[in-house]
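Undergrad: My request is simple: use the sequences and hints to build the entire structure.
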Amino acid sequence: MTVTTDPTTTDTDTTDANTTAIPFGDPDAAARPIGATTDKLTALLAAVDPAVERALTRFLHEEVQVLDDWKWGEWLDFFADDCLYWAPTQEERLARERSRHISAFRTSAYFEENKVQLKQRVDRLLTNQAWGEEPPSRARHIISNIRVTKGIAEDEYVVKSNFYDYRSIGQRSQDSITGERTDRIVRDPASPWGYLIKERRVLFDMSIILNKNLSLFY
Amino acid sequence: MTDITELIDIENGRLSGKIFYDQEIYEQELEKVWKRAWCMLAHDSMIPKKGDYLQTYIGEDPIMVVRQKDGSVKAFLNQCRHRGMRICRADKGTAKAFTCSFHGWAYDLAGDLIQVPRQNTAYPETFERGDFGAVRVPRIQYYKGFWFGTWDKDAPDFEDYLGSAKYYLDGYIDRWDGGMEQVAFHRWVLPNNWKFMAEQPTSDMQHSEITHISAATVLNKGSDAADRTLRGNDPVGRQFFADFGHGGAWYGEKGAEVPNTGQAMQAYEAQPEVAEMIARRLGDDREVRGHLNIWPTFMLLGNYTIRVTHPRGPHEQEVWAWTFVPKDAPEEIKDSIRRDVLRTFTPAGMFEADDALNWEEMQHILKGKVARETGYLYQMVGAPIQWDEGCYPGGSSAHVFSDNAAINMYANYLDMMTSDSWEELMEKRAQHRMGLPTTPAAVQA
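Heads up: the protein sequence lines correspond to chains A and B, in order. Residue 173 in the working numbering sits at position 173 of the first sequence; the count goes up by one each step and never skips. To convert, take the position in the second sequence, counting from 1, and add 1000; that gives the working numbering.
Some clues are possibly wrong.
With the Cβ distance kept under 8 Å, some of the chain A side facing chain B (calculated, not the full set) [to be verified]:
(1) Arg93
(2) Gln120
(3) Ala130
(4) Gly170
Covered by chain B, according to a simulated footprint, are these stretches of chain A (three or more residues, beta-carbon under 8 Å) [what the hints assert, rightly or not]:
(5) 94-106
(6) 109-117
(7) 205-214
To be clear about the criterion: a stretch of chain B counts as covered by chain A if any three or more of its residues have a C-beta under 8 Å from a C-beta of chain A, and this derived list gives those stretches [claimed, not checked]:
(8) 1086-1094
(9) 1175-1186
(10) 1189-1196
(11) 1346-1352
(12) 1359-1371
(13) 1412-1425
Because the hints were derived from the structure by calculation, they are not lab data. For each residue, glycine too, the CB sits at the ideal point set by N, CA and C.
TA: What follows is the structure, encoded as structure tokens:
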């Protein structure tokens, strides 16, 4: 498929104040009403206070540091008491049935946990007898592509991030897995980190899981 | 061909590590086990409507399993007869035909070749599409909701293959009038020989109390955990084993509480009308759920994770696991069963995750020559074997923890690997029990 630009266009009208001629990062953008001709990036950035974006980025990095440091009990501090932690499965479907390639909620999933159940998984690791993680994997969760968008409620944010989780265990065993997290995070000044994850959907980039287990948190 | 007779010492309960490591032995398994045994292909609930299909495997051979227009199920090798491309690459779906994405050869639901591009202009007149349909799985049998298949035209009927294991399998899959349905599906790869996994539900209930101690410690009362604490050192229960290598075990006396299933299932089955239904279908003495394996790798656990494992070379296997629920149970019961399995016996499962480590290390260590020769011990055979004891057909013993069923599995494996046909295999079966010659009076089958 080839794309050709039309060399004969003569449209050079840029007099509208809200055209795409406004440069990226314009500090006055937030104050300006978002019109139909505002570019997507300006709209996204205007919707979220940069201080919040910075806080949530740090929040996600601190979360995985706790995991990589094997402080699983502290990991629970990042989650609301009424949280949902869900990781659907994937299958390969033909194009006309592609909408079904990710499992629906309440069908197949690797995790479908409330806070009590997450704690149960953490408690299992804390027995130091969960032999699949005893001694624990040396893991490194690399979180990237963090995008914060406004949620529906006040003080609520939808945060997408990508992960590259590497681990090694024993002498020769190593593997990695990538995927995407979609989080709904709320501001809660009374919480340990000032924010709490209400919902997390983890989407692994595998149909058949090509690693021997999913014994970390993601 | 490797003669593995020297590698499996049934009488003394010793197995050489070579049978889990050697490439030549593995190739022999593909020929003598996987081209011959009955394998579970699909359940009705996975392909309910005509045109529904799914991909699976028999051994390393990819197959398509397809619901036909007349309601029957057919299976064929998922390999284009032209140049060997995988005909269908989707895991499942609904179709009217399957077209290969290489040169466009097309097959119907039964695997018959229905279109070859340029057949009229580029192929000789003698070319007959009818000669080049996808390779059919020649024997398909339906058993209580499940479809089984084998490549071997001379295999005994599936129910004969089950033999005395039928009684125990029915205890899992034939309890409810409305049957079962599949509600979840998970797949993962394990870096170890397939026989490590097959042996576990066949004969190794014991590993759970150490391997899975962390899960037992944290799970709620009413599950495996609480029962284990109360069970004591020698819990009541039985182990069974059958011809062709099937085996399993369960805790509890007949009619008693069934551990290894969640509270939701127990509550559902305790209801009078459900209990009556089960008793009507199976009889009063059919509390046999714990673990079970139908050789080679059709495994069932009493919490209704039901899986097969596909061999992937001597050092790897691919587990395909489904969660099943009673079709007519209330939605909240079904959801509870589904979540119970999800959290315990899927790749992140609190039980499943720990088995992987055992098997990975076992496989890795087999690289060592001395380790391979040292082999493994199956000498926990103190439990007296009973044959056709009371209501329990085939071999069994009144002890949950025993290597008897594993010995039986490997004795049958040895027979399969050293027989050139089903006929020869059946003759051997008539002569052995537990791999040992039967008494003279019983030799004549």
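Undergrad: Run the structure past the numbered hints and jot down the numbers of the failing ones, going up.
TA: 13
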